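Top line first, the protein sequences correspond to chains A and B. Our numbering numbers the first residue of the first sequence as 1 and each following residue consecutively. Our numbering numbers the first residue of the second sequence as 182 and each following residue consecutively.
Keep in mind that the hints were calculated from the coordinates and are not lab data. Quantities reported herein were computed from a predicted structural model and do not represent experimental measurements. One or more of the hints may lead you astray.
[Said to hold, decoys possible] Computed list of lysine-lysine pairs in PhoX-like fashion (alpha-carbon distance at most 20 Å, straight line):
no.	chain 1	residue 1	chain 2	residue 2
1	B	K323	B	K343
2	B	K224	B	K237
3	B	K404	A	K66
4	B	K394	B	K406
5	B	K323	B	K334
6	A	K66	B	K416
7	B	K598	B	K551
8	A	K137	B	K471
9	B	K394	B	K416
10	A	K66	B	K406
11	B	K445	B	K416
12	B	K404	B	K437
[As the list claims (entries may be wrong)] Just a sample of chain A residues kept apart from chain B, beta carbon distances all over 10 Å, derived:
no.	residue
13	S64
14	G67
15	V82
16	L86
17	P92
18	R102
19	L106
20	K122
21	L125
Cβ atoms here follow ideal geometry from the backbone N, Cα and C, with glycine treated the same way.
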Amino acid sequence: MTDETGYAPPHWVDRGAIDDLPAPRGWLRNIHALGAVMFARREGPPSDARLNWLCREVERMNRSMKGQPNLVFRASLLAVSVVAPLLVLRLPPFRRLRFETRVRALERFERSIFGMMLFALKAILCIVWFEHPEEAKAIGFDGQCMNSSVVAEVPSDEALLSVEAAADNGGVAPGLSGVNS
Amino acid sequence: MITRSADVVVVGSGASGAVAASQFAEAGQSVLIVEEGPWVTSKDISAMRPSESIEKVWRGAAMTAAIGVGDSPIINLTMGRCVGGSSVLTGGVCFRTPGHVLKVWRDERRLTEYTDEHLEPYYQEIERICNIEEVPVSMRSKSTTLWGLGAAKMGANLVSNKRNTKGCDGCSQCNFGCPKGAKQSVDLNFLPRAIAAGAEILSDCEVTRVLTKGGRAVGVEGKVKGPDGRRSRVKVHARRVVLAAGGAHTPLLMLKSGIGRRSKQVGRNLTLHPGFRMMARFDDVVDGWKGAMQSAHSTTWEDERITLISVYVPPAVVVSALAGFGPEFMERADNLRHFAMFGGMIHDEGGGRIRRGPGREPLMTYRMSKEDRAAVPNIIRRLGEAYLQAGARELYLPILGHAPVSPDEFRTMDLTKVPARRLECTSQHPLGSCRMGDEPSNSAIDGNGKAWDLDQLYVIDGSIVPTSLGVNPQQTIMTLALRQARRMLDQPLPEA
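Okay, chain A solo, but in the shape it has when bound (with noise of 0.2 Å):
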């Protein structure tokens, strides 16, 4: 089902996938939110996988940062869920907004004051996102001056599935052990 712009339907994000996540809280929901729209190609977004992905390795970044910067990454990512609206007339939150108003959205933010706050985020999302080596490839970047180590680690959406698989049955999918530690 598209809508009238071709794109897939506003609520691509699926609560189911997302309630799956380690930790469901709002903020995380936000970065998936924020991910959907910010990936998405004319074919339609990131599957819900490598969103997921997206939102856990975000989470791992996040436990690290304190006080401040910690501050800081969530009033932005605050400020694009309640401001970003309504810049374009619309209630927040952005999550709940359809596609084409929650791009228009974040353009407009992006432009106005608040937007070096949107360039930390976007900033944080790409770094992570386009480490996963089939988005890096997919942009032309080849990884070949990376630690072949450090490719290898991550890994596929088939093996994440697999993990959250395992994970609801209360084991360990075979050959994963070492994803992440």
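Following the hints, complete the assembly by docking chain B onto the known chain A.
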């Protein structure tokens, strides 16, 4: 409470702390280096993904900024927080302190000893130990070469940089830690020397206060994180305290400790070298990450207070600088292989200030002077025009949310009208916030790094640099640290 004693406690293990600590230890003094960040080996760093590097060795996970005051941009600030400090994360660029800058130090700050001749032996020693070498033209990325071609048509020069590298094969990942261990950061030279001479490093230890007694610094106290993640209080008694926590955190520590009230200069006069980048899209493949991240610079517009220097940040960061979201953004990202990038920084006058913030981090503000603000459009103009001269199809300006512009659009744009808040501005060089000088009324410390109002307290990091440099400061910081350390060794330690 953990209690330790040493002749000298050095707070910070980066470019300055490591250099000084090695000198003290090799002279037979017992030295304890206290570092807020973790110990990560060169091998660890080379195996980190960029996000892990940001998480583990960048300060504040890249969420650190100076708040622009008045007509000034918000400036994102990158600093290291690990054993080796920011030296682990730099592009490795090394400049000797420019002669015209030293002249200002002598003429205006009355630091009469600071001449090229006086600093020459210190420069040479740093260059030898850190293997500072010229980047060969063959190591220039195509991104840099293209800019150089365009700049040549404008009559501008392009001079090879010097960097502290050994066996670098160029992959533009320097800011996340060298994946090949080629960058000769201080964790590979000065720190091992210090340890070999008996120095100890206490990592994961945040110093919260300088201890004083009878007008003298007698140690530091703070909190150290144990292997179980729990924090314990730690107190280090020392006969001499040397601060090397960097341009943002050294003044913060002094302010927290109530030091600097006499001069009222601690935390003032912060300079940042506000930096801007320009991206250009070419028809041909550029693959700008293939080559040294920072291989060359242009001095042509020095009289406009700007230094233009090659930079190609890691590809994911390049992409994050593109405007837009969704399909349009991703289609721009698909052009990654066709992007070139070059950067520039302002030889700024200062106007920054460090204050105590509500948490552990300093509150940084920056008011750009009118002259510096006027230099911003010039940087953008020079950077962009050079790429257009080299045949670029589109320019991606350092203006937040600005769509790419065609050559004609760029040439007719009034860049002076761009609001400061929309400028994408970064800095890696916080300097001058505890500057040296000849009297307390204009400086926080004297010409040898000694605090004006406390005996046995010395400052040796980038915060002592009296003015901005207009070039990358790593070698200046190391050189000053070496000089100040030797001067300290001439002064006998007080009785414990």
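Against the structure, the hints:
no.	hint	result
1	K323(B) with K343(B)	holds, 18 Å
2	K224(B) with K237(B)	holds, 14 Å
3	K404(B) with K66(A)	holds, 15 Å
4	K394(B) with K406(B)	violated, 27 Å
5	K323(B) with K334(B)	holds, 17 Å
6	K66(A) with K416(B)	violated, 23 Å
7	K598(B) with K551(B)	holds, 14 Å
8	K137(A) with K471(B)	holds, 16 Å
9	K394(B) with K416(B)	holds, 14 Å
10	K66(A) with K406(B)	holds, 14 Å
11	K445(B) with K416(B)	violated, 27 Å
12	K404(B) with K437(B)	holds, 15 Å
13	S64	violated, 5 Å
14	G67	violated, 4 Å
15	V82	holds, 17 Å
16	L86	holds, 17 Å
17	P92	holds, 17 Å
18	R102	violated, 8 Å
19	L106	violated, 5 Å
20	K122	violated, 5 Å
21	L125	violated, 8 Å
The structure shown violates the earlier hints numbered 4, 6, 11, 13, 14, 18, 19, 20 and 21.
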